[in-house]
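Generate the whole structure from the sequences, applying the supplied hints.
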Amino acid sequence: MAEIAAVIASTHHPFYYRASTSTGPARPPFADEWVSKIERFRETLTMAEPDVLVMVGSDHFHQLWLDNMPQFLVGKAPWFDANFYNEEREFGLPRMKLRGQEDLAAHILRDGLDRDFDLAFSNELRIDHSVTCPIITLRPQADLPIVPVYTNIFAPPLPQPRRFVALGKALREIVESWDSDKRVAIIGTGHLSLELGGPRQFGEHGPDPEFDRKAVDWIASGDLQGCLAEVTLDSLHAPGNATHGFMDFMLMMGVAGDGCKADYVDSLDLFHTMEAYFTWYPNGDPNR
Amino acid sequence: MSRYLLDKFLFTVDRDPELVERYREDPAGTVEWWEAQRANVILNCVDAEKSTWLEFTDAERRALTAHDHVALFEMGAHPFLTLTLFIAMFERDHGPLEYQIAYGRAMKHLTLPYPDIAT
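These protein sequences, in sequence, are chains A and D. Just add 4 to the spot in the first sequence (first one is 1) and you have our numbering. Just add 2 to the spot in the second sequence (first one is 1) and you have our numbering.
If you're looking for bench data, these hints aren't it; they were derived computationally from the structure. Built from N, CA and C at the ideal position, the CB exists for glycine as well. Please note: incorrect hints may appear among the correct ones.
In silico lysine to aspartate or glutamate, DMTMM-like type, Cα no more than 25 Å apart, as pairs [to be verified]: (1) D:110 <-> A:273; (2) D:52 <-> A:128; (3) D:110 <-> D:93; (4) D:110 <-> A:208; (5) D:110 <-> A:262; (6) D:52 <-> A:214; (7) A:218 <-> A:262; (8) D:110 <-> A:214; (9) A:101 <-> D:18.
From the derived model, a few chain A residues whose C-beta atoms are all more than 12 Å from chain D [unchecked claim]: (10) 162; (11) 199; (12) 204; (13) 289.
Right, dumping it as structure tokens:
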């Protein structure tokens with residue numbers, strides 16, 4: 005059976021690519037610290053020696069649209085072109101092309117449906133920065149096949165937080181039941197407190213540092229019960245109008261397991277939002 | 003109230019470089035053309051199989067024509083769509099982050115709960 009090489013949860017900051025590649029006066033003052041944190045975080049994936057990446061993210065109204073909006077969707081295709089004109093325009097992101105792992109995608113779909121997750125699928129999916137940002141930060145050579153799993157954190161009505169957690173738990177078991185000798189890393193990205201297009205956007209910090217502190221604690225300590233007791237679809241409006249992206253972190257807490265402490269935790273307070281990085285090694289830390 | 007149609011306008015303009023420029027330069031003409039020609043096109047269907055019932059209210063037409071992002075927010079247009087498109091149109095006229103900060107400041111009078119964005 006396949007082995008889980010690593011479980012990784014991260015914020016996805018579309019400005020990282022531009023900040024990390026800019027030089028001279030265009031290079032922001034926080035770029036060097038950010039790059040060194042990302043390089044340490046990247047090492048946690050490199051050491052796990054994965055063969056395949058399951059990538060949990062969310063389309064930001066690029067391909068998926070309100071006339072036909074899936075709640076959870078698995079990409080099953082031999083290739084995924086990536087990034088869109090408006091991401092090139094606003095964030096300077098490059099066009100990318102990633103190989104797909106169709107056997108694992110088919111297994112996730114079949115087994116997921118059989119576990120009562122009515123997963124949608126796409127055989128031609130152009131993926132966006134929720135998946136390409138972690139490729140850029142964690143695996144910039146973009147050499148491993150992926151299975152994208154998209155969640156709807158964006159277009160209400162949204163699934164309940166507990167469904168994200170349940171899907172994460174199921175995804176872990178599904179990947180572990182894949183008849184393969186491959187090492188799979190499950191990587192998911194979301195947000196801490198975030199405001200987009202509202203009065204609290206682009207502040208000195210994320211819109212709710214207190215929420216961010218609690219969120220990092222929940223994730224780092226694997227405190228799913230504490231997190232589920234406080235987080236509801238309604239409560240997530242308070243820290244910032246785009247904070248429902250935190251539910252992708254909750255999905256990853258489900259993958260990592262109830263009560264499982266992260267083996268690697270880091271964060272970086274930036275203008276506009278807080279960055280946070282977590283790695284779990286379910287089968288033992290390759291460092292030890 | 004047609005939040006869906008507001009979002010559809012923002013979505014279809016934002017993904018098309020020519021339309022972004024056209025909406026920046028001629029908002030009234032673009033909104034009028036889009037409502038007449040594009041509002042009822044189902045994005046995954048051929049044009050002949052379009053809808054027959056989608057139209058803006060007067061207030062929605064006015065907000066789009068005035069490039070009034072505050073009014074769009076108050077109507078429940080999806081804030082991500084509005085922000086992305088407006089950055090594409092107007093960030094170029096300002097210094098780094100100046101436009102984004104002013105965009106938020108223009109909404110300082112708004113408090114929670116924000117308008118519903120469900121469609």
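Item to check | Hint check, failures only | outcome: Checked against the structure, the hints that fail are numbers 5, 6, 10, 11, 12, while the rest are satisfied.
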